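S.K.: Protein sequences, first through last, are from chains E and W.
First residue of the first sequence: 1, per the numbering used here; consecutive thereafter.
First residue of the second sequence: 1001, per the numbering used here; consecutive thereafter.
Please keep in mind that the hints were generated in silico from the structure rather than gathered at the bench.
These figures come from a predicted structure and were not determined experimentally.
Using N, Cα and C, we set each Cβ at its ideal position, and we do this for glycine too.
Treat the hints with caution; some may be incorrect.
To be verified - Residues from chain W shown here face chain E by an in silico Cβ test under 10 Å; the list is partial:
{"#": "1", "residue": "1049"}
{"#": "2", "residue": "1087"}
{"#": "3", "residue": "1094"}
{"#": "4", "residue": "1105"}
Said to hold, decoys possible - Computed far set for chain W versus chain E, every beta-carbon distance over 12 Å:
{"#": "5", "residue": "1038"}
{"#": "6", "residue": "1090"}
{"#": "7", "residue": "1116"}
{"#": "8", "residue": "1129"}
{"#": "9", "residue": "1160"}
{"#": "10", "residue": "1162"}
{"#": "11", "residue": "1214"}
{"#": "12", "residue": "1216"}
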Amino acid sequence: MDALISARTGTALLVEGADLISIHAGAPDKGIPRYAEEVPRLFGEALDLQVLRGVDRAQVVRRLQQEADSAEALQLSLILLDPKLSGEIRGEAAEELESALGEEGRIEGLERVLYAHPLPSTADLPGALARAAGHAPRVQNLLLHLTAFQPLIEEVRHAWIDIPDALFASTAERRRFQAALVREGHFRELVLAVRTGSTVESFLAAALLHPVLRTFQSCRSVLQAWVTPFRQRKWQWATEVAEPAAGNREGKARPGGTPKE
Amino acid sequence: MSDPACSFCGHPVPLEWSLCPHCARPSLYPNVRVAEQESERDALAFRYRLAVQDAESRGCGEAVRAFEAAAGTTVAVLSRSLAEVERLANSDRQLYATYYQLLEAEVKLPDDDAWDPLRRLADEVLFPGYKEKIRFAALSLDGAGLPGYGDFALVLKEEMIEHRASVLAGNSALLLRKWDYNVPTGSRAAWKERARLCVAKLAARLKPSMTEADFAALLLRSGARREDDEIVEVHIWGPLSSWTFERVVLSRPAGPRRLIRARVKALRAKLAEAGIDLEERGGAWMP
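Pulled out of the complex, with its shape left as it was, chain E reads as follows:
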C-alpha cells in the first residue's frame, strides 16, 4: 500500500485500492475508514506532507511515530533557543528534551533538521547551553556540536542554494527535493562527511542509491552539483574541526568542553 503522512498533524492516511484509512500518532493501533472528501479536514493547512510508496501498515505507524517524535524534539529545541521566552519555560524545555533524546534515534532525527540550516541570528545558543549545563548532558552535547558545526552547516547550506534552478523541473520540485534531503538526513550526512574530510564520494554514492532521492528525475545532477564545492577542500575542515570522542553522537556528554577542544 501507499500512504500520506504529516508529522505536524500526527496523521497518516493509508491508501490501498479504493480504501482510505487514517491512523493517528496518539492511537496508532486504531484505523478509521475515510472518504476522500475528508482528507483536507484531516491534514488542515499542513505543508509537511510526504508520500510513502509500497509500505505496510507497521512501517507507516513506525514512520509516523518517528516523524512525530522528531517534530516534538525540534519544537523543544526551538523553545530552548528562544530568547523571548522565560528562563523557566526554557529550562523545562531542556529537561523534556533531555528525556526525549534518551530514546534511540532521536538525536539523529533532530540533527537532520538542525544541520540543514545555520541557526538564525535570533537563536540564543549561549542561553540554551546555560540552561542545559549540569542537568541535561544529552542536550548540552547536542548544542555543543551544533555550535561547533555552524560554519560547516552554513557551507553545506550555501552549496545547496548555489545549485542552479535550471537543474530542477520547478520551484516546487526544488522544495520537495530539499524536504526529502532534510527528512532523510542527507544535509546532516554531508556536514559530517565534509567534517571528516574524506568521505564526500562515499556520501555521494550512498545518496545516489537512496530510494526516495531516486524518485527525482534530476537526482544525479543535483547531488553532483551539491558536493562539487567540497571535493577540493577536504583538508581545510579536517584541520579546523576535531573529531568528537567516540560514543558522543548518541548523547554521552564530553565533560567540560566543546567538540573543538
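Using the hints provided, position chain W relative to the given structure of chain E.
M.R.: Quick look at chain W alone, frame taken from chain E:
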C-alpha cells in the same frame, strides 16, 4: 441563472471568481456569493418557516426563539493539533519559521490509479475552481471543537471572517455523498444568516425544557462514529493566522501525552503576546 453584475462596471462576474474579469476590481468571496444567491436564500427562508411552524405546533415556540438567538452568537472553531497551533503562533518568528520551512513542500501525488480517489475530491462540487482557498471550521456555541481533528480548538474572531464565511448544514465530506453530489438549495447560508440555517436544520429536535448547554450539544457533538458527528460546517475563504484567533481552547486529550508541559507553556506565552487566551477545559493535567 445569469451571473451577478460587478458593482463597479456592471458586467457579469462568474460566481466562482474573486475579482471582476472585466475591470479586475475585487469582488465578494465566491462561497459567500453562492450562498447569497436568491434561489439559496428563498429556499432557506422556506425551510426556516416550516421549521419554526413545526416547533410552535409542538409547544416549542419559546425554545426555537431562544435557540435562534443563541445560534446567532455562535463562533467558528477549527480543531487542530498542538504542532499546527505552534506553527501558526510562531509563523512570524524567524527562529521557528526557518526550520518549519525546511520540511514544507507541496506534495506531489503519485500518478497511479490508487491515488485517483484523492484527486477527485468532491469539494470541487461545493467550491468549483477555488477549493484550495477554503478552510473548514464548525459552528460552536461554547468554543468547543470536534476533538477528532485535534485537541486545540481555535476560536476565530468574527470581524476577521464574517465577510468571507458561509455555512453548510453538516459535514460536507459526508453530506455530498448522501446528496449524490447535488447540493440542495437552502442547505447553505452566508455567515450573517447562520442562525436561520441552524433553526432550519435543528428545530425539529428542540424540546421546551432545553437550556443553552443543550443548544451547544445540539449544534456540535462528537459521535461514536464519524457519521454520527453533528456539526454546522463553516467555510472560510482565504488564509488564517494567529491574528485571526480570538482565543484557543484546549480540551483534555483522550490518550496519555508526554513532554507537552514546556510546549504548552511556550504556546501560552506566545499567544498572550498577541492578546489571545489559552483556555483549559476538562482536566488539571495542563500547567
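S.K.: All hints, please: hold or fail.
M.R.: Do the hints match the structure? See the list:
no.: 1; hint: 1049; result: violated (31 Å)
no.: 2; hint: 1087; result: holds (6 Å)
no.: 3; hint: 1094; result: holds (5 Å)
no.: 4; hint: 1105; result: holds (4 Å)
no.: 5; hint: 1038; result: holds (28 Å)
no.: 6; hint: 1090; result: violated (8 Å)
no.: 7; hint: 1116; result: violated (9 Å)
no.: 8; hint: 1129; result: holds (16 Å)
no.: 9; hint: 1160; result: holds (16 Å)
no.: 10; hint: 1162; result: holds (21 Å)
no.: 11; hint: 1214; result: holds (26 Å)
no.: 12; hint: 1216; result: holds (21 Å)
Hint check: violations occur at hints 1, 6 and 7; the rest are consistent with the structure.
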